[in-house]
Amino acid sequence: MGHHQHSLAIFRGRLKFKSIEQKIWGVFIFLSIITIVEVAFGIIKPASLMSPFLSPFEGELFATFANIFLSPFIYMKPLNLIFIVLTIVKAYYITWDFMHMRDETKSLRRMVVWTAIFLICYLVLILLIEGDYIFEVYKNNYVKFDF
Amino acid sequence: METTVASTTPEGDVWGGGNQPLRASYGKMMMWFFIVSDALTFSGFLAAYGFSRFKFVNAWPIADEVFTHFPFLHGVPAPMFYVAFMTFVLIFSSVTMVLAVDAGHKMQQSKVAMYMFLTIIGGAIFVGSQAWEWATFIKGDYGAVETRGGKILQFLDTEGSRVAIGSFAESMQSTATEHAESNGVWFMGGNQQTSYNLEEVTAGFLANDNLLIRTQYLDENGHPTVLSRAASIEKIQNDGKLVVEGANLKRNEYGHPLFADFFFFITGFHGFHVFSGVLINIIIFFNVVIGTYERRKSYEMVEKVGLYWHFVDLVWVFVFTFFYLV
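Chains as they are written, first to last, in this note's numbering: chain E, 1362 to 1508; chain B, 78 to 403.
Hints are computed from structural coordinates only; laboratory data are not their basis.
Quick caveat: nothing in here was measured; it's all calculated off a predicted structure.
Treat the hints with care, since some could be wrong.
[Stated by the list, open to error] Within a straight-line C-alpha distance of at most 25 Å, the following computed DSS-like cross-link-like pairs (lysine-lysine) qualify:
#1 B:K105 - E:K1467
#2 E:K1467 - B:K381
#3 E:K1505 - B:K327
#4 B:K312 - E:K1505
#5 B:K318 - E:K1500
#6 E:K1379 - B:K188
[As the list claims (entries may be wrong)] Far from chain E, some chain B residues (derived; all Cβ distances over 12 Å):
#7 I198
#8 D234
#9 G323
#10 P334
#11 V355
#12 I357
#13 V366
We treat Cβ as the ideally placed atom computed from N, Cα and C, and that holds for glycine.
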């Protein structure tokens, strides 16, 4: 086990630690700060972050593409976008530093991470589109649901 | 470990287990494969939650209004504080786990044992907290009325704060009867008895002019719709079917029953992972204490359960976001 190399730097080498223990505590402080920020946002819910930044583009092909590529800013509350980004940041540091993914070979890392990310993104995409479609069907049909 | 098989034949080296593809040992790589497949199971749950939420996006309960309790703070609304506490407990137990793995690399037996012990304590606190969270959720707090269409009606006073059904329902001579054996076979039990029945709640509602009904449908600002007094009276008299207290797999006083179903399935599946993680950690802890890994001259087993434990923490990060925050 002696020749295991641990990289001691996080934030792309901007923050270097002297020992592996110090790096662990550093990552813990970073994760705690993110969690505190999330909880604070969740309790305060700033009004400025509760409605989407952009409204959908009206028009032909280009507007459709713009709506697809900018969908996180058009159809999502900025607050939820912040939560999801912070969650992915937290997941990154748990995987890379606590699970030592940083010290594994590149091929193992890609095998695990890319497979999971591809399949999860695909599943989430089709299920959310389907869910939204059924919502529209319920909303626009002639059957009364609220009784 | 890796160099001990250097003297075997080339076939034994490559195909007999002497080779370590991707420079990861067999056990560690299998743990990563398991983690990928388990991650897909959890994302299946969370994506199904997203599907149902998108399907009923204008009638989904607001998590902030559901999880407002904190132990020993009765009646003080503290949304999210308890889950935040649980998140910290789990992250901290991840820290002690990774410190145990690191001490294992340095072959420090007593340090590994101490950090493993702290990890087990953290896991136990988390599972206990989740049990408390479940108990609070199942018990419910204000109570509600379910309509014939399966929708939930909640009660507000004119200032807009929630009112418990127990505070206004009029006690009447109960019209509900116990399930009598003459009406059917023993295993077809009657409806679950609530502390007040619909007639008592309706009578109390009509007698108190300051009460209003809130439906589970959200208005354009994302707040549940509050009916006028006249519409409220009409709603409870025409559509009310039964009183709901707390939550189970069929009914849920907080709103859509699917919300409770997913709560039980997702946090339950995760809690089961934490529980089995604690058990595995206990086994490894005793192995550390009796010196198994000291004799084996490798603490890789601690590393492998460490991977599992961090994965459980990783899943909680996502459950926390998608169930409580978003």
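Item to check | Distance restraint between E:K1379 and B:K188, which requires alpha-carbon spacing of 25 Å or less | outcome: holds (20 Å)
Next on the checklist: Checking one constraint from the list: CA of E:K1467 to CA of B:K381, max 25 Å. Satisfied?
Outcome noted: Within the cut-off at roughly 19 Å; holds.
Item to check | 12 Å cut-off, C-beta based - B:G323 kept clear of every residue in chain E | outcome: holds (23 Å)
Item to check | Verdict on B:I198 as a residue remote from chain E, using beta-carbon distances over 12 Å | outcome: holds (17 Å)
Checklist entry - Are all C-beta atoms of chain E more than 12 Å from that of B:V355? => result Per Cβ check, B:V355 is outside 12 Å of chain E; nearest 18 Å; holds.
Item to check | Non-interface claim for B:P334, where every Cβ of chain E lies beyond 12 Å | outcome: At about 14 Å from chain E, B:P334 clears the 12 Å cut-off, so the statement holds.
Checklist entry - Non-interface claim for B:I357: all C-beta distances to chain E beyond 12 Å? => result At roughly 16 Å from the nearest Cβ of chain E, B:I357 sits farther out than 12 Å, so the non-interface label holds.
Checklist entry - Given the hint that E:K1505 pairs with B:K327, does the C-alpha gap stay at or below 25 Å? => result The hint holds at about 21 Å.
Checklist entry - Are the Cα atoms of B:K312 and E:K1505 separated by 25 Å or less? => result holds (15 Å)
Checklist entry - Was B:V366 rightly flagged as not at the interface, with every chain E Cβ beyond 12 Å? => result Given that every Cβ of chain E is farther than 12 Å from that of B:V366, nearest at about 21 Å, it holds.
Item to check | Whether B:D234 stays farther than 12 Å from all C-beta atoms of chain E, as the label says | outcome: Consistent with the label, B:D234 stays out of reach of chain E, its closest Cβ about 23 Å off (over 12 Å).
Next on the checklist: Would the hint linking B:K318 and E:K1500 be met if the CA-CA limit is 25 Å?
Outcome noted: holds (24 Å)
Going down the numbered hints, you'll see the structure goes against none, and every one checks out.
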